[in-house]
Amino acid sequence: MWEVARAIRHTVRWFEIKRGDAADAHLFMRLAQALRASPTAPLGFILDDVGRGGSSLWDSLSKEVGGGSGILLLGSIREEDVFMLTARARAKEVRPPVEEAVAERIWHRLLEQGRTSWVGWREPWERSGGLLLEFTHILTRGERIETVLSEQVDRRLRESRDAELAILRVTSLASMAGATIDAERLSTALDIAPGDLSRGLRRLIDEHLVSAKEDGRIEGLHQLRSAMLFDLCHAYPPSAPSRTVIEAVHSVHSDSLEALGAHVLVNHPGATSAFVAALASRLEREHDPVALVTALSGMGQAHIEATLRAWVAEVLSAGLEPSQITLAARFAVANIDVSSMPLPDRLRNAIGVLRPRSAADPRTDLLSALSRTSLHQMVTTTDIHRLRALIGALVGMELPESLRSALLAVKPDFEAVDLSDVADLLGAIHLIDPRIASSWVEAPVRNRLLERVPCEIPWAGPVTVEAAPEGRLLRSVIYYVAPSVQARLNDEVAPLCATLLGLDPSAMVAAVDALAADGRPSGLPDASKRIPRENIAPTALPAWNQRWIAAAARLVGNESYTDYLHRSYGMLERLLPVLERIVDTTLRGKPPQAKILERFGNIHDASRQLTPPRDAAPNGSAPAEHSTPLQNLLFHCSADLIRRFIKLPDNYGAFVLWTGDLLKNVQEAREEPWELLGRSPAKSLDRLESLIASLRLLAIETGTQGAKLTQWISIARSALPDDALRSVKMAVERKLQASSMSYLQGVEAELRRQAIELELHTRPDWETPLPWPNRDFLAIADISSPCDWPAWVEAHAAQVQSTIGEGRQVWFVPRIDHLALSCLTIKGRYSLFASPYSGDDWLDTLQQPRLNDILTREAQRSIELITELDGMRRFRLGEKDRSPAEQAVRQDHERQLAVALKAFEAQAEGTSVQMQLRKFSEDVAAGNVALAEGLAALLRNRLTSDWAALLTLQNALLEQDLAAVGCGQGANNPHGGNRT
1 MWEVARAIRH TVRWFEIKRG DAADAHLFMR LAQALRASPT APLGFILDDV GRGGSSLWDS
61 LSKEVGGGSG ILLLGSIREE DVFMLTARAR AKEVRPPVEE AVAERIWHRL LEQGRTSWVG
121 WREPWERSGG LLLEFTHILT RGERIETVLS EQVDRRLRES RDAELAILRV TSLASMAGAT
181 IDAERLSTAL DIAPGDLSRG LRRLIDEHLV SAKEDGRIEG LHQLRSAMLF DLCHAYPPSA
241 PSRTVIEAVH SVHSDSLEAL GAHVLVNHPG ATSAFVAALA SRLEREHDPV ALVTALSGMG
301 QAHIEATLRA WVAEVLSAGL EPSQITLAAR FAVANIDVSS MPLPDRLRNA IGVLRPRSAA
361 DPRTDLLSAL SRTSLHQMVT TTDIHRLRAL IGALVGMELP ESLRSALLAV KPDFEAVDLS
421 DVADLLGAIH LIDPRIASSW VEAPVRNRLL ERVPCEIPWA GPVTVEAAPE GRLLRSVIYY
481 VAPSVQARLN DEVAPLCATL LGLDPSAMVA AVDALAADGR PSGLPDASKR IPRENIAPTA
541 LPAWNQRWIA AAARLVGNES YTDYLHRSYG MLERLLPVLE RIVDTTLRGK PPQAKILERF
601 GNIHDASRQL TPPRDAAPNG SAPAEHSTPL QNLLFHCSAD LIRRFIKLPD NYGAFVLWTG
661 DLLKNVQEAR EEPWELLGRS PAKSLDRLES LIASLRLLAI ETGTQGAKLT QWISIARSAL
721 PDDALRSVKM AVERKLQASS MSYLQGVEAE LRRQAIELEL HTRPDWETPL PWPNRDFLAI
781 ADISSPCDWP AWVEAHAAQV QSTIGEGRQV WFVPRIDHLA LSCLTIKGRY SLFASPYSGD
841 DWLDTLQQPR LNDILTREAQ RSIELITELD GMRRFRLGEK DRSPAEQAVR QDHERQLAVA
901 LKAFEAQAEG TSVQMQLRKF SEDVAAGNVA LAEGLAALLR NRLTSDWAAL LTLQNALLEQ
961 DLAAVGCGQG ANNPHGGNRT
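When we follow this note's numbering, the leftmost residue of the sequence shown carries the number 1, and every step to the right adds one.
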């Protein structure tokens with residue numbers, strides 16, 4: 001508004017009216033006449049915040065002002081005050097969108113005035129949903145929103161607008177819970193005629209008290225606004241919360257009963273009996289299985305929260321830190337044996353307190369209130385997916401006999417249901433009652449389900465039945481032929497075991513092997529699993545346990561992400577100087593000052609009270625349920641880092657691995673949404689990362705030498721103040737560099753005695769630093785032609801590995817003329833595997849030129865697709881009788897291959913290799929080259945003629961790439977044995 005007035009101040013004379021009422025309107029009109037207001041010399045009046053005492057004056061002035069008078073009115077009004085204007089139609093309303101810049105300015109102004117404790121504006125803005133009234137209330141915890149809403153409710157009381165008040169009562173309760181109201185149900189529940197309901201809703205919507213969606217759902221604008229409206233609507237009798245609860249139960253959508261039930265039973269426990277009775281009445285009348293499932297799920301959540309609220313209060317008062325709450329809950333609900341774990345007594349006691357504790361389960365009350373007939377009808381008429389949801393909602397409770405008999409009477413039809421869903425359903429019901437699972441899957445049904453496995457589970461083979469010591473064993477395979485879509489073998493093998501045990505309730509063990517294209521077990525990690533039933537939990541159980549852990553995390557979670565980051569930022573800034581000072585004095589052989597240790601302890605105590613935010617991060621990631629990397633970093637660096645460092649060389653190996661995890665925590669801490677604060681601790685994290693890495697290096701050195709930290713006292717004491725760590729680190733690095741050079745020279749001398757000429761480089765292996773010094777090696781070998789590389793590897797690679805030392809990671813890269821052929825890179829610790837381009841970062845660091853192998857790279861994707869398609873054809877995968885997902889992969893591979901071949905041919909146009917890739921693809925498809933089997937054989941260190949055909953093609957492509965840059969066979973190579 002003020003910007004508009006300022007923009008036209010040269011043509012309009014503006015006057016601000018600070019106060020006045022309707023009786024003063026004629027005075028302002030006389031002023032305008034005295035100043036000769038006209039269309040050519042307009043005069044304007046500005047009223048700011050018309051709704052706060054200026055509405056009557058605005059109405060009077062707007063009636064006096066007309067077209068051609070030369071008098072302008074410009075005012076601002078809060079959205080919720082617009083209803084106060086009787087002459088509203090006379091003015092043009094402009095609703096500028098509230099942009100983030102405006103929200104930021106409001107926050108800055110409130111912060112400068114000391115009226116908000118929020119240290120950032122983004123999170124409260126997100127919480128407000130873009131509503132300015134809610135935004136300012138969240139920032140200030142002020143009374144403005146309550147005053148406005150109170151006036152709106154009081155006006156309805158004075159004017160006897162009872163229908164609107166009834167709508168507000170029910171809608172506010174539902175919105176507080178996150179539920180939505182069905183308009184037709186609301187009309188019936190409140191006994192309001194549809195026309196009256198429509199008119200009442202229109203007025204409530206206009207005044208921003210409720211909102212309506214196109215599908216007829218009604219809800220509040222914001223949970224904060226709804227909570228205040230609920231309290232205001234129940235401020236005076238006879239409106240009782242229990243009555244509103246009953247009306248809400250009969251008004252909400254079936255899928256909203258979960259949210260409503262959880263909210264009512266937790267926040268209005270006095271209305272529990274009314275809620276259960278109303279819900280039972282609705283279910284008896286409608287026999288709606290969706291309503292039954294969602295209600296049971298919400299009541300289960302209420303049972304969890306009621307139990308945890310009492311437990312959390314008890315264990316916190318007993319001294320358990322908030323940061324340990326979720327860990328205790330996890331151990332307790334998963335029934336993990338902690339007797340042999342080195343846990344603090346307060347944590348162990350908290351676990352013991354929660355395990356036997358249980359609040360009254362309201363689900364039992366609801367099921368007891370339902371008749372057998374109603375239960376039977378709802379259970380037997382529901383579909384498979386809702387039946388699974390119902391079973392999931394029953395986890396953690398004793399099954400009533402009435403419900404058990406209803407479930408036993410169910411005869412599910414599994415034929416039209418996805419096999420994975422069938423396995424999930426049967427696994428869940430087996431968890432609840434194995435007898436029900438057995439009654440659903442008798443022998444003929446069970447056999448039919450197992451026959452469907454290779455037809456519906458992607459990459460799975462037929463199922464066979466064997467006898468095992470534990471009982472019935474189911475065996476199958478996973479065809480591992482498409483690594484691009486089978487990235488993690490464990491994600492293929494373990495789920496198939498779980499599916500098999502789900503489909504057959506009588507089976508006790510499942511065994512699955514991942515087969516390579518040659519039909520033999522691949523031998524890769526996680527490629528074979530043999531899992532007893534007791535080691536596989538149906539998804540319903542971890543889902544139930546997860547609800548406990550998530551609820552515990554919410555109960556102790558930080559109220560806001562902004563506050564969590566603000567506290568963490570402050571702790572980090574205080575920690576670094578103290579930590580650096582303690583390390584410095586420790587290396588000098590002196591005890592830290594008492595005040596330094598006190599500050600250190602205070603930071604550690606604060607870190608023990610820091611909990612993850614209860615809400616999701618703005619980047620969309622889920623709320624943390626245990627400690628975050630940032631929290632973990634603050635906790636350990638304010639205690640354990642120093643405690644374990646001063647004990648070196650004791651347990652140095654564990655210290656080295658642990659500090660490696662801390663360095664990962666530093667990197668993850670950088671990814672926190674620091675933009676919420678408007679500042680980032682990047683420099684502090686860099687300093688902390690450098691300090692931890694330095695301590696890790698010193699730990700390795702002390703452990704290797706078997707010496708204490710005192711070996712560096714002379715170096716530390718001669719260092720400048722606060723520079724002991726850097727001085728000691730530099731001394732260790734110099735010693736390490738000399739040791740590495742000596743070792744490298746010895747290796748090169750031995751290789752020369754064996755007549756092996758190559759260029760050798762080394763660097764520390766920080767991924768697996770133990771046993772120290774564990775180093776990576778890069779061997780660059782000069783050859784004349786790409787086809788010479790396999791022979792060189794066969795003749796010399798094993799000798800080089802043996803000379804370097806067993807267990808060290810070695811990269812072998814060929815070089816022609818001055819160019820490294822990194823596409824032919826191989827690497828390994830014991831066995832060597834093709835690893836194209838994996839050493840490029842090292843080559844770039846050494847400034848070693850690499851061949852720009854355009855054609856070879858262009859062909860790479862085609863070769864991968866050709867290989868995977870060959871593996872699919874080998875086992876007839878992706879054909880019509882296989883799973884749709886498998887067919888889709890094969891069809892997509894074929895489509896991608898066609899595109900990739902055309903792209904290669906366009907790139908290679910005019911060269912001798914233009915059509916070689918397509919010819920190779922056709923040979924593989926025709927069965928003339930068993931490429932996938934050749935790859936499987938190569939992984940077993942056996943080179944076949946089929947894989948040799950690919951090498952021939954690859955060599956031709958490389959020769960073409962070399963020719964394109966003026967290099968090739970027979971060129972002189974001036975490179976010798978430089979090393980770094």
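Some hints here could point you the wrong way.
Stated by the list, open to error - Computed list of lysine-lysine pairs in DSS-like fashion (alpha-carbon distance at most 25 Å, straight line):
1. 708 - 683
2. 683 - 664
3. 595 - 664
Unchecked claim - Computed beta-carbon distance windows for the label pairs:
4. 2 - 896: 46 to 52 Å
5. 943 - 896: 24 to 30 Å
6. 267 - 345: 17 to 23 Å
7. 829 - 730: 29 to 35 Å
8. 831 - 595: 33 to 39 Å
9. 490 - 784: 53 to 59 Å
10. 448 - 487: 39 to 45 Å
11. 487 - 963: 33 to 39 Å
12. 705 - 837: 36 to 42 Å
Because the hints were derived from the structure by calculation, they are not lab data.
Just so you know, even glycine gets a beta-carbon here, dropped at the ideal spot from N, CA and C.
Evaluation of the provided hints:
Restraint check for residue 708 and residue 683: not satisfied, since their Cα atoms lie roughly 31 Å apart, outside the 25 Å limit. The straight-line distance between the Cα atoms of residue 683 and residue 664 is roughly 16 Å, inside the 25 Å bound, and the hint therefore holds. Using a Cα cut-off of 25 Å, the hinted pair residue 595 and residue 664 is violated, with the two alpha carbons roughly 31 Å apart. Our hint of 46 to 52 Å for residue 2 and residue 896 is violated, since their Cβ atoms are close to 60 Å apart.
Separated by about 28 Å at the C-beta atoms, residue 943 and residue 896 satisfy the suggested range of 24 to 30 Å. At roughly 34 Å, the beta-carbon separation of residue 267 and residue 345 lies outside the given 17 to 23 Å, and the hint is violated. Checked against the hint of 29 to 35 Å, the C-beta distance between residue 829 and residue 730 comes to roughly 31 Å, which is consistent with it. Distance hint for residue 831 and residue 595: a CB-CB separation of about 57 Å, inconsistent with the stated range 33 to 39 Å.
The beta-carbon spacing between residue 490 and residue 784, approximately 44 Å, falls outside the hinted interval of 53 to 59 Å. Between residue 448 and residue 487 the beta carbon distance is about 32 Å. The supplied range of 39 to 45 Å is therefore violated. The given range of 33 to 39 Å is respected by residue 487 and residue 963, whose C-beta atoms sit roughly 36 Å from each other. Between residue 705 and residue 837, the C-beta spacing of about 38 Å keeps the proposed range 36 to 42 Å intact.
Violated hints, in rising order: 1, 3, 4, 6, 8, 9 and 10; the structure is consistent with all others.
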